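Model the full structure from these sequences, guided by the hints.
Chains as they are written, first to last, in this note's numbering: chain A, 1 to 266; chain B, 267 to 579.
Calculated directly from the structure, the hints in this document are not laboratory data.
None of the values given here were measured: they were computed from a predicted structure.
Heads up, some of the hints might be wrong.
Unchecked claim - The list that follows gives simulated cross-link-like pairs (lysine-lysine, DSBU-like), each with its CA atoms no further than 30 Å apart:
id: 1; chain 1: A; residue 1: Lys64; chain 2: A; residue 2: Lys178
id: 2; chain 1: A; residue 1: Lys178; chain 2: B; residue 2: Lys333
id: 3; chain 1: A; residue 1: Lys151; chain 2: B; residue 2: Lys479
id: 4; chain 1: A; residue 1: Lys56; chain 2: B; residue 2: Lys479
id: 5; chain 1: A; residue 1: Lys56; chain 2: A; residue 2: Lys246
id: 6; chain 1: A; residue 1: Lys93; chain 2: A; residue 2: Lys151
id: 7; chain 1: A; residue 1: Lys195; chain 2: A; residue 2: Lys178
id: 8; chain 1: A; residue 1: Lys195; chain 2: A; residue 2: Lys151
id: 9; chain 1: A; residue 1: Lys151; chain 2: A; residue 2: Lys178
id: 10; chain 1: A; residue 1: Lys151; chain 2: B; residue 2: Lys571
id: 11; chain 1: A; residue 1: Lys56; chain 2: B; residue 2: Lys571
id: 12; chain 1: B; residue 1: Lys333; chain 2: B; residue 2: Lys479
id: 13; chain 1: B; residue 1: Lys333; chain 2: B; residue 2: Lys571
id: 14; chain 1: A; residue 1: Lys178; chain 2: A; residue 2: Lys201
id: 15; chain 1: A; residue 1: Lys93; chain 2: B; residue 2: Lys479
id: 16; chain 1: B; residue 1: Lys571; chain 2: A; residue 2: Lys93
id: 17; chain 1: A; residue 1: Lys64; chain 2: A; residue 2: Lys246
id: 18; chain 1: A; residue 1: Lys64; chain 2: A; residue 2: Lys201
Stated by the list, open to error - Here are a few chain A residues that face chain B, going by a calculated C-beta distance under 7 Å:
id: 19; residue: Lys93
id: 20; residue: His97
id: 21; residue: Gln99
id: 22; residue: Ala109
id: 23; residue: Asp114
id: 24; residue: Thr116
id: 25; residue: Arg132
For every residue, glycine included, the Cβ atom is placed at its ideal position computed from N, Cα and C.
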Amino acid sequence: MADTLDTRVPTVVVDDVHITYTVNGARTGKGSATSALNRIVSRRQPRGARQVHAVKGVSFAAYKGEAIGLIGSNGSGKSTLLKAIAGLLPPSKGRVHTQGQPSLLGVNAALMSDLTGERNVVLGGLAMGMTREQIRERYQGIVDFSGINEKGDFITLPMRTYSSGMGARLRFSIAAAKSHDVLLIDEALSTGDAKFQRRSKDRIMELREEAGTVFLVSHSNRSITETCDRAIWLEAGTLRMDGPAKDVVAAYEEFTGPAKSGKPRK
Amino acid sequence: MVSQTAAPPAPVDTASPDLLPVYAPGELAALAARHGLTVSGARPTLGAYIRQLWGRRHFITAFATAKLTAQYSQAKLGQIWQIMTPLLNATVYYFIFGVLMNTKHGVPDYVPFLVTGVFIWTFTASSITAGTRAISGNTGLVRALHFPRASLPIALAIQQLQQLLFSLGALFLILLVFGQYPRPSWLLAIPALTLQALFNTGISMVMARLAAKTPDIAQLTPFILRTWMYASGVMWSLDTLLTADRVPRLVLLALECNPAAVYIDLMRYALIDSFTGAQLPPHVWAIATAWALVCGIGGFVYFWKAEERYGRG
Numbered sequence: 001m002a003d004t005l006d007t008r009v010p011t012v013v014v015d016d017v018h019i020t021y022t023v024n025g026a027r028t029g030k031g032s033a034t035s036a037l038n039r040i041v042s043r044r045q046p047r048g049a050r051q052v053h054a055v056k057g058v059s060f061a062a063y064k065g066e067a068i069g070l071i072g073s074n075g076s077g078k079s080t081l082l083k084a085i086a087g088l089l090p091p092s093k094g095r096v097h098t099q100g101q102p103s104l105l106g107v108n109a110a111l112m113s114d115l116t117g118e119r120n121v122v123l124g125g126l127a128m129g130m131t132r133e134q135i136r137e138r139y140q141g142i143v144d145f146s147g148i149n150e151k152g153d154f155i156t157l158p159m160r161t162y163s164s165g166m167g168a169r170l171r172f173s174i175a176a177a178k179s180h181d182v183l184l185i186d187e188a189l190s191t192g193d194a195k196f197q198r199r200s201k202d203r204i205m206e207l208r209e210e211a212g213t214v215f216l217v218s219h220s221n222r223s224i225t226e227t228c229d230r231a232i233w234l235e236a237g238t239l240r241m242d243g244p245a246k247d248v249v250a251a252y253e254e255f256t257g258p259a260k261s262g263k264p265r266k
Numbered sequence: 267m268v269s270q271t272a273a274p275p276a277p278v279d280t281a282s283p284d285l286l287p288v289y290a291p292g293e294l295a296a297l298a299a300r301h302g303l304t305v306s307g308a309r310p311t312l313g314a315y316i317r318q319l320w321g322r323r324h325f326i327t328a329f330a331t332a333k334l335t336a337q338y339s340q341a342k343l344g345q346i347w348q349i350m351t352p353l354l355n356a357t358v359y360y361f362i363f364g365v366l367m368n369t370k371h372g373v374p375d376y377v378p379f380l381v382t383g384v385f386i387w388t389f390t391a392s393s394i395t396a397g398t399r400a401i402s403g404n405t406g407l408v409r410a411l412h413f414p415r416a417s418l419p420i421a422l423a424i425q426q427l428q429q430l431l432f433s434l435g436a437l438f439l440i441l442l443v444f445g446q447y448p449r450p451s452w453l454l455a456i457p458a459l460t461l462q463a464l465f466n467t468g469i470s471m472v473m474a475r476l477a478a479k480t481p482d483i484a485q486l487t488p489f490i491l492r493t494w495m496y497a498s499g500v501m502w503s504l505d506t507l508l509t510a511d512r513v514p515r516l517v518l519l520a521l522e523c524n525p526a527a528v529y530i531d532l533m534r535y536a537l538i539d540s541f542t543g544a545q546l547p548p549h550v551w552a553i554a555t556a557w558a559l560v561c562g563i564g565g566f567v568y569f570w571k572a573e574e575r576y577g578r579g
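This is how it looks when you write it as structure tokens:
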């Protein structure tokens with residue numbers, strides 16, 4: 001591996017990254033209002049607040065053209081690491097170096113359920129950094145892809161009137177409308193009905209070809225082995241294994257036990 | 267293989283050692299430097315930050331308008347509430363302060379005086395309240411998408427400005443009903459509101475940063491705002507209430523230089539006939555501009571200084 005390091009172009013370099021959350025409101029009791037005020041004024045770390053060490057010193061380099069699957073049990077720090085790569089959650093120690101701006105696939109947080117689907121397409125596109133012209137060009141494509149209008153004119157209704165499946169489809173369609181240099185996908189494959197899942201998988205393949213590097217977080221071992229050539233296994237915030245997807249997934253399946261393998265968990 | 271329940275950092279006992287690459291200290295940083303990679307999530311320079319914000323101007327306005335329309339979309343009367351809410355607000359204040367407490371004593375054109383005060387005060391107060399929630403209320407957005415974070419407090423300040431424009435529609439109706447007709451001095455409302463909007467945006471960016479770090483700020487602001495409101499002469503004339511023989515002249519001057527009072531009085535001066543320049547503190551436009559520039563620019567820089575830390579738990 002070492003001899004090929006220089007010929008390949010790295011897109012994401014994660015260098016000994018630690019991520020710590022401070023959780024307020026998880027106090028174990030005790031601590032009066034005055035002592036809390038005192039802590040705020042003196043800028044000391046609140047004694048009752050808990051520190052959650054989600055990622056503990058992870059290092060790896062990702063190269064152009066790779067599709068990397070992140071696996072590990074619930075709460076092992078996969079999504080947190082993804083957010084750190086996207087630059088959305090600053091690491092408390094260590095650094096993430098990137099080529100360009102990696103983006104998470106997802107616009108859910110930017111959409112407003114009281115607005116029509118139509119306006120949400122525009123709002124979501126703008127939130128992802130698309131220009132108004134780009135949105136105008138791709139608008140029809142987004143609506144067609146989501147299939148929202150297959151059963152009548154739903155795109156002009158507020159999103160709160162959509163079924164959860166319809167909402168998820170529109171959200172995925174908006175998110176997948178933009179191509180990225182480094183694309184980070186968190187469990188995106190599990191939305192919608194079987195027909196839509198097939199369609200979204202094809203779209204992710206397309207995005208993968210357009211993007212330099214793709215990271216995929218999934219609990220479905222099958223989708224990892226199908227879409228990724230390399231896999232990184234995280235357990236309790238530390239890197240457990242990093243190598244060809246087939247080998248890592250096999251070892252992970254061994255670890256979790258045969259009963260759970262292949263069955264996607266949420 | 268089954269014995270893998272050991273401590274996580276322990277190397278996995280597979281045949282190939284390739285599966286857990288070990289990097290020498292500094293090796294990865296050197297690799298990144300060799301290929302010109304940049305540190306993810308680092309704070310951009312102030313100039314680059316302003317350029318990024320400008321690039322996101324369409325998002326900022328779309329977000330503001332979306333928030334505004336989403337506000338009343340569940341109500342049966344819909345967007346009519348945009349104009350009904352300020353009108354009802356003014357009615358409540360008139361009932362309490364004009365009729366019950368009779369503070370209108372000595373204030374000519376009390377209704378236009380009161381309504382202007384309430385609307386202009388509401389603009390500042392709600393901008394600040396919105397500012398405290400700009401980051402802390404949008405953590406999901408901050409943790410999911412990449413954009414200059416100042417977009418959020420700015421968008422919310424624009425939403426308040428749009429809301430104010432609806433209120434002004436109501437205000438102009440009230441002014442006409444109470445015999446205040448358009449005259450050239452009404453144009454002074456434009457620079458006054460521009461300065462106030464700049465001031466509000468700056469303060470709400472300061473509040474956004476404070477509340478992002480210490481959410482408790484949001485609990486405190488209503489009390490601070492209420493105290494500030496009563497000290498700003500929203501429903502009474504500070505001039506007639508606090509005469510020089512009761513309060514030292516200096517205290518009165520300090521009260522009159524308070525930014526909320528300055529912006530309220532400027533609007534009254536612009537819109538109401540009987541509110542003369544004599545009721546304004548000396549150098550009122552200079553004070554209004556100074557507040558706007560100091561808070562607007564200061565607030566922006568203060569907000570930018572913590573850019574890379576927003577969204578951290």
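Quick one, are Lys151(A) and Lys178(A) close enough, alpha carbons at most 30 Å?
Cα-Cα ~26 Å, so holds.
* Lys151(A) paired with Lys571(B) [C-alpha distance capped at 30 Å] -> violated, 49 Å
Straight-line alpha-carbon gap Lys151(A) to Lys479(B), limit 30 Å = violated, 46 Å
Take the C-alpha atoms of Lys333(B) and Lys479(B), compute the straight-line distance between them, and say whether it is at most 30 Å.
Judged against 30 Å, a Cα distance of about 24 Å means the pair holds.
Quick check on the hint: Asp114(A) CB to chain B CB, less than 7 Å?
holds, 4 Å
Checklist entry - Lys56(A) and Lys479(B): Cα distance at most 30 Å? => result holds, 24 Å
Would the hint linking Lys64(A) and Lys246(A) be met if the CA-CA limit is 30 Å? holds, 20 Å
Starting from Lys56(A), check that the Cα of Lys571(B) is at most 30 Å away, please.
holds, 27 Å
For the pair supplied as a hint, Lys56(A) and Lys246(A), is the alpha-carbon distance within the 30 Å limit? holds, 25 Å
When you check the alpha-carbon spacing of Lys195(A) and Lys151(A), does it fall within 30 Å?
holds, 15 Å
Just to be careful: measuring from the Cβ of His97(A) to every Cβ in chain B, is the smallest value less than 7 Å? holds, 3 Å
*Using Cβ atoms only, decide whether Lys93(A) comes closer than 7 Å to chain B, and label the hint accordingly.*
Not OK, violated: Lys93(A) not within 7 Å of chain B, min 13 Å.
Of the numbered hints listed earlier, those contradicted by the structure are 3, 6, 10, 19 and 24.
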